[in-house]
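Use the sequences and the hints to build the structure in full.
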Amino acid sequence: MLYSETVMDHFRHPRNVGVIEDADAVGEVGNAKCGDIMRMYLKINDGVITDVKFETFGCGSAIAASSMATEMIKGKPLIEALSLTNKAVVEALNGLPAHKIHCSVLAEEAIKKAIEDYYKRNGIEYDKRDFPDCDSCSYCQNE
Amino acid sequence: MLYSETVMDHFRHPRNVGVIEDADAVGEVGNAKCGDIMRMYLKINDGVITDVKFETFGCGSAIAASSMATEMIKGKPLIEALSLTNKAVVEALNGLPAHKIHCSVLAEEAIKKAIEDYYKRNGIEYDKRDFPDCDSCSYCQNE
Amino acid sequence: MNVYADNAATTRVSRTALRAMLPYFDEMYGNPSSLHSVGQRAAEALYEAREKIAACIGAEPREIYFTSGGTESDNQAIMSAVEAGRRKNKRHIISTAIEHHAVMNTLKKLERQGFEVTLLDVPENGIITPEAVAEAIRPDTALVTVMYANNEIGTIQPIAEIGAICRERGVIFHSDAVQAAGHIEINVVRDNVDMLSISSHKFHGPKGVGALYVRRSVPLTRLIEGGEQERNRRPGTENVPGIMGMAAALYEACENMNVVAPKIMAMRDRLIEGLSKIPHSILNGDAKRRLPGNVNFCFEGVEGESIVLLLDEYGIQASSGSACASGSLDPSHVLIAIGRPHEIAHGSLRLTLSEENTQEEVDYILEKVLQVVEHLRNMSPVWRDLVEGKREYVIQ
Amino acid sequence: MNVYADNAATTRVSRTALRAMLPYFDEMYGNPSSLHSVGQRAAEALYEAREKIAACIGAEPREIYFTSGGTESDNQAIMSAVEAGRRKNKRHIISTAIEHHAVMNTLKKLERQGFEVTLLDVPENGIITPEAVAEAIRPDTALVTVMYANNEIGTIQPIAEIGAICRERGVIFHSDAVQAAGHIEINVVRDNVDMLSISSHKFHGPKGVGALYVRRSVPLTRLIEGGEQERNRRPGTENVPGIMGMAAALYEACENMNVVAPKIMAMRDRLIEGLSKIPHSILNGDAKRRLPGNVNFCFEGVEGESIVLLLDEYGIQASSGSACASGSLDPSHVLIAIGRPHEIAHGSLRLTLSEENTQEEVDYILEKVLQVVEHLRNMSPVWRDLVEGKREYVIQ
Ligand SMILES: Cc1ncc(COP(=O)(O)O)c(C=O)c1O
Ligand SMILES: Cc1ncc(COP(=O)(O)O)c(C=O)c1O
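Residue numbers (this note's numbering), protein chains in the order written: chain F, 1 to 143; chain V, 1 to 143; chain C, 1 to 396; chain Z, 1 to 396.
Careful: at least some of the hints might be erroneous.
Claimed, not checked - Below are the DSSO-like pairs computed for lysine-lysine, each with C-alpha atoms no more than 30 Å apart in a straight line:
1. C:K90 / Z:K109
2. F:K33 / C:K277
3. Z:K109 / Z:K90
4. F:K120 / C:K390
5. F:K33 / C:K390
Said to hold, decoys possible - With beta-carbon atoms standing in for the labels, derived distance ranges:
6. Z:E83 / C:N2: 43 to 49 Å
7. Z:T221 / F:E125: 40 to 46 Å
8. C:S217 / V:D130: 34 to 40 Å
No wet-lab data here; the hints were simulated from the structure. In this text, a Cβ means the ideal position worked out from N, Cα and C, and glycines have one as well.
Below, the structure is given as structure tokens:
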């Protein structure tokens, strides 16, 4: 199969799909042009992610990676969520095909974007270089 | 099949194979280098071919063409044998593959060579141009 | 229920084709170049196959060359025309923006070698006009290559009209008929085609074998060097069983076409009608001038691979225009060429039917596609934005 | 009695190979590029086949590329090495005078394109020396290509020794192992081979499919353009059943080699011994360093095609070195290369055995060859001249 059983499980039954209407932070990466968009909604309490939901437009591995990533940060302190790497997501998914690795990168970045949004909303200082920006992404050749 | 049934019949059971020890004429064409040699022996009486035998070193169609050609001139006046064309031999054989046509040419030429030999032995004048000569043959590239 | 609806990708080998192949594996397994009877029996089989295929497309047996598939046929046809052109200092090639990669990438290679390639724009209906070809022809045009029918959106090009123009203007005309052969009627004489590619596995023959029709007077050069097989134009021991399977499959497809095609077209049109009811969906390619079995839709707000994977969960095999499987993130060049924006082109679904499909299956497909599109839209941030008016619908 | 003794031309597809192919025609008929389960099952099959073939020759799965046969593999290997050489301005190629046409004619094409080709002379035993290769290598040598075993006279080249020299000198080394694979042990690591061609139908697999081994670090360029199959190196929908058949056949051949080869060699040696008793006959190629099943003789005073055709009348399928069937009048370039004069080279007979042959068949062959050679000598003007002393025997 193209995807591992874990990927397929998360694709078939994605965890934490949906919206948090009163989210404390929202992060979005990708664009429809390049074929993948991920949006993460966080509820944050005392520096801990108490709830997380996602919406994804994208391929099977994008959906699975979003689902897995939300599982991995739910209930975790922000600082721990920030250190989640795409590699960890790939491992948790039992691997992704080489050309789908970028989906795990998107998941990592969507979380970071959401946390950045939280820092911004709350006037918390942070180092911009720790956060992704779309221009540095090489996956889709924006015209 | 590569060859028509007629070719195979003449190849399997060649007519007039052998030598005429006291032949009135012998003609030989081709050479071992190019893979085909035909030798025709004639008995001639009153300008008529009363007997003919052949020996051939060569492929299936060379043997069949020799056999067919001897059948076609046996009992015929020299003048008629001289007008035997390779095309007639091919037709009598029910066709030859394109790259085997030269075998029928060899058969025609072997007969002509034999008749030329007869003319020479008997001091009969003839036009050299009516007879084949190996140099004009394009089938084997003699180095 | 299991519904195979990906017949443009490849087809099941028919019983007729399989039956035609089997004896050549372990009974008449000779090499057609061998002089002996076992080899000659294989050589005779090859000739029969050549006759059958020729008969199906209005050609003569000696105008048929066997290859390893559609890709090789396309490559050899184009490289041959280009070789002939090179000798006359003609370095211009005309094609379309919606060709298969086998043609497109060969043209790209030629561009790198200094050839000039004009790719004709394709209107939204996916069908180029003969006039566009006529206008593009120049004195130095070595080749016009236009596919008979498109592999993604199924549109059928006006090949006979283009052929007439090329013949009149003295330009070699090749058509990639890989998707057309066995599905719609082809006649190389009527169509004035000089070269035509076919691939066995697209009409219920085996994979790994194809043919190239080359008109008598058109020069064909070798793509590979070796022995003297295929009249010294395509070396290598011939794939005798594969060729027998291809010939049997094409013959059967052409014989049954009049009966089978209308049946498939009815299913196609029912599918098109049903899918059109999904809001913000659009049919790709002309509704009528398309292959009998081809249905291709874009659904706004969802991505193609996930549609395909979810349908597969329901036992439905389909494909998406996007070339995800191949590692590329680019959406289909065909959908872009007919004017679909990138975000829409990513959300395409291709369903390609054969005579093995049933009305019942069509209804099952309709039910499941509806379900899957709804499911995916429900988790799509793009769809949310559209619904909430934050983004404008591309497809009304 | 019917005796197939032309296994170097092609072989019967084994039951194992056929069984491995069958499910992929009409059950698991998916396109390996398709995302859905039917396609992915085919993709998995492809991977299994790659593993099997790799295991047989000591390679890694990702070093195996599937092609349409030995000819294509040879072409792609040579053209790739040449492409790599061109970039470094290396325009010299070393090969032997006894290569198959797939190699020889590719080299001829390259000569026309300005490459310099050194064809190593071959001694009478048909085996070149590693020293000859070492001496021929120059700073601008882009490729050494030497066949593993010869298709006509069966001689086995010292591939491991040549490989060691090429590796040391940094020259790409390709070997056409079409006749060797499945018949003698090959290990690409031990042999220091960079590229190696095989063809399925020479070891009881199906026709029209082959493979090319390419060492990890060696660049492979495309011969044909198209989709991204075979890691973007060989486009075109993969011949899945053919590939499965090839893998199964090679695996079986390699597994059984230790048992089967000695049996075939015993038959071979019995044939050689028997045929040597025919006056003025000579074995072509080294008596021991030859393929297990290969017997090749010249008989003075007779021509090869007629031997083959008459043997066929007795139910024995054999071949002649001369390329009569192909329309050429030239005798085998291999026999000429090992020093047989033209007139002798025309009179060759190749008998190639497989595990399907029996001792009884060998005796039958011996009886019939004797008979046929005598029959043909009796009608041969050349033989008469030899017997009558008008011509000198070439073979004593
Ligand atoms: C040594 C050798 N190389 C290459 C080939 C070509 O293989 P294929 O005919 O399968 O393309 C053959 C057999 O024909 C061969 O014997
Ligand atoms: C239009 C078209 N051309 C060429 C090809 C290539 O054929 P094959 O994969 O058999 O080489 C295909 C299918 O893949 C096709 O659909």
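* Verify the proposed pairing of K120 (chain F) with K390 (chain C), using a straight-line Cα cut of 30 Å. => holds (23 Å)
* Holds or violated: K109 (chain Z) to K90 (chain Z), with C-alpha atoms at most 30 Å apart -> Judged against 30 Å, a Cα distance of about 16 Å means the pair holds.
* To do: Evaluate the given range 40 to 46 Å for the C-beta pair formed by T221 (chain Z) and E125 (chain F).
  => Since the Cβ atoms of T221 (chain Z) and E125 (chain F) sit about 54 Å apart, the hinted range of 40 to 46 Å is violated.
* For the pair supplied as a hint, K33 (chain F) and K277 (chain C), is the alpha-carbon distance within the 30 Å limit? -> Given that 30 Å is the threshold and the Cα spacing comes to 25 Å, the pair holds.
* For the range 34 to 40 Å, tell me whether the beta carbons of S217 (chain C) and D130 (chain V) fit it or not. => holds (38 Å)
* Taking only the CA atoms, is the gap from K33 (chain F) to K390 (chain C) under or equal to 30 Å? -> holds (17 Å)
* Given the proposed pairing of K90 (chain C) with K109 (chain Z), does the C-alpha separation stay at or below 30 Å? -> holds (23 Å)
* Pairwise beta carbon distance, E83 (chain Z) to N2 (chain C), judged against the given window 43 to 49 Å -> holds (45 Å)
Hint violations for this structure: number 7 only, all remaining hints satisfied.
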